[in-house]
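Turn these sequences into a full structure, and let the hints steer you where they fit.
There are 2 protein chains.
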Amino acid sequence: MSILSEKKVAIVGLGLMGGSLAMALRPHVSELVAIDRDEPTLAAALRRGLVDSVSADPAAGLQQADLVVLATPVRSIRRLVALLPEWCPASCAVIDLGSTKVEICEAMAGLPDGFEAIGGHPMCGKETAGLSAADPDLYLGRTFVLCPNTRTTPGVRRLALELVEVLGGRPLFLSPQTHDELVAVTSHVPYVLAAALMFEAAEEASMNENIWSVSSSGFRDMTRLAGSNPTMMLDILMTNRQAVTAQLGELQEMIGQIGLWLQEGDERALSSWVEAAHRAYLTKKGQEPG
Amino acid sequence: MSILSEKKVAIVGLGLMGGSLAMALRPHVSELVAIDRDEPTLAAALRRGLVDSVSADPAAGLQQADLVVLATPVRSIRRLVALLPEWCPASCAVIDLGSTKVEICEAMAGLPDGFEAIGGHPMCGKETAGLSAADPDLYLGRTFVLCPNTRTTPGVRRLALELVEVLGGRPLFLSPQTHDELVAVTSHVPYVLAAALMFEAAEEASMNENIWSVSSSGFRDMTRLAGSNPTMMLDILMTNRQAVTAQLGELQEMIGQIGLWLQEGDERALSSWVEAAHRAYLTKKGQEPG
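Same order as they appear, the protein sequences are chains C and H.
If you're matching positions, the first sequence starts at 18 in the working numbering and goes up one per residue.
If you're matching positions, the second sequence starts at 18 in the working numbering and goes up one per residue.
Simulated from the structure, these hints should not be mistaken for lab results.
These figures come from a predicted structure and were not determined experimentally.
Think of the CB as a built atom: it goes at the ideal place given N, C-alpha and C, for glycine as much as any other residue.
Take the hints with a grain of salt, since some may be wrong.
Selected chain H positions facing chain C (Cβ under 8 Å, derived; list incomplete) [claimed, not checked]: (1) 63; (2) 140; (3) 149; (4) 152; (5) 202; (6) 291.
Which stretches of chain H does chain C cover? Using the computed rule of at least three CB atoms under 8 Å from a CB of chain C, they are [claimed, not checked]: (7) 113-119; (8) 189-199; (9) 204-210; (10) 213-224; (11) 228-235; (12) 257-264; (13) 274-288.
And the structure:
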């Protein structure tokens, strides 16, 4: 028996993530409301029939919502969580789609009795942004991390699982700390490396424009993340400072070691390292879903 | 009037690069010989009609060659250049396809009078290896760097330009030093970063296998180069130590700076950096050929 089908759901933030969620969710809920600061976005959502109603005012839009989905950048989510008791005095269930989870789950833990909340992070590519790029299949087959916290009840856990099922995602329960540590390695540190490499190349290019003629697909792949949305990335870095700093420290050490081996011409050490990296790559590739 | 069409050309090394060269070159030369240590590779080349004759013995295969193309890993090319006077006592023209150029051009400079030589580096993706992946269009539209040195005569320069033209490549003359500095940034340092990131992730995975469930296309792009052929990469790193070490030093410093800003929560500095990386990315993207 579906619980979602009886719920009035409100999505706050109608970008690519919130918009895609609206499209996938609409047939499965009793009523769908969109809240966004941008009036043209709300008008487009209504015109395209993605939701039942829209509002630029959370206090009005969140009235009688059973489930609130927060789909804004991380630090905006943190602020919204703190304002929920004011907007939904009768309490509600809450989930979010933010890219880091420790600070958001801490904010959730501060909600008053009656509120049920769980952190969420669907792992989808986000190269384009905005409602115009929304796609009901965005979450299909993707891992959807769920982070329980002190406000997570069995009820909101069931609701979240049903939501992930409806989206075609694969639920994965992780503690907020573990989530943030893992994505520091797979997502946030890669961004920093891509941006740093982009800087090195741009500096070199200021001296010799031919650099772009000798850059190929490898360089393009390694710098693509430098084009990530700056507001989103700053939010992510500022809310995952500890894990990112720790990983960057380890990388800095490893890069220093490689530099030393190169300076000393230590072929044996370099060879072991190159071989081990190749093995790690093949092991990872072997574990990828076909 | 074509000069290549009168030449007997010998290709040493029938991997992806040499094999693709043979396929593209055959209709344009007087005679084509392949030299490789691997007998099955030679047999396959003959069977597929890629060359006129084959030999596992350079002394025999290089007899009467007018132009020798060295298409093995970098340090093997360096050794082959030193052996050419023994194998081609009547002298010949030489070009290579190696990924670094300073050490190879130094070896070319040591050839006796009569030898004409120029360094070469075609910028093609090399994700697969071996003759079976060879493709006559591998060089089409790609930059083909040519590095003049003290053994570069007007004659070998014309021959090299005609060879690049026949392949459909875009010739770009660079000094060996400039070439090695530029590819350190666009290719060798990206490899080191990809390998280092692969290690960090593998170490994290040994503690929590869920890391692979929260890695997406960004991580895959950022670690793809870690799968590069270890022998080729070791050769590249060992022959471009100075430029790679210098660039790694700068990156290490930048990563340290980001780490400090994160530790101090210096949002203003981080924000400027993230914005500047985004601008550098867009500027680069704007300069890419359509």
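Hint-by-hint comparison with the structure:
Given the 8 Å rule on beta carbons, the hint for residue 63(H) is violated: about 32 Å separates it from the nearest Cβ of chain C. Satisfaction of the interface hint for residue 140(H) is found here, the shortest Cβ-Cβ separation to chain C being roughly 5 Å, below the 8 Å cut-off. Using the Cβ-Cβ criterion of 8 Å, the hint placing residue 149(H) at the interface with chain C is not satisfied: the shortest such distance is roughly 19 Å. At a threshold of 8 Å, the smallest CB-CB gap from residue 152(H) to chain C is about 15 Å, leaving the interface hint violated.
Given the 8 Å rule on beta carbons, the hint for residue 202(H) holds: about 5 Å separates it from the nearest Cβ of chain C. Evaluation of the residue 291(H) hint against chain C yields a held restraint, the C-beta minimum of about 5 Å falling below 8 Å. Closer than 8 Å: that is the beta-carbon criterion, and the segment 113-119 of chain H has 0 residues meeting it against chain C, so the requirement of 3 is violated. Residue count for the segment 189-199 of chain H with a Cβ under 8 Å from a Cβ of chain C: 6. That meets the three needed, and the coverage hint holds.
A stretch counts as covered by a chain when three or more of its residues have a beta carbon under 8 Å from one of that chain; for the segment 204-210 of chain H and chain C the count is 6, and the coverage holds. Figure legend: the segment 213-224 of chain H, annotated as covered by chain C; annotation consistent (9 residues with Cβ-Cβ distances under 8 Å, at least 3 required). Coverage of the segment 228-235 of chain H by chain C holds. Counting CB-CB distances below 8 Å, 8 residues qualify, and the rule asks for three or more. By the rule of at least three residues with a Cβ nearer than 8 Å to a Cβ of chain C, the coverage given for the segment 257-264 of chain H holds, with 4 such residues.
With 8 residues having a Cβ less than 8 Å from any Cβ of chain C, the segment 274-288 of chain H passes the three-residue criterion, so the hint holds.
Comparing the model with each numbered hint stated earlier shows that hints 1, 3, 4 and 7 do not hold.
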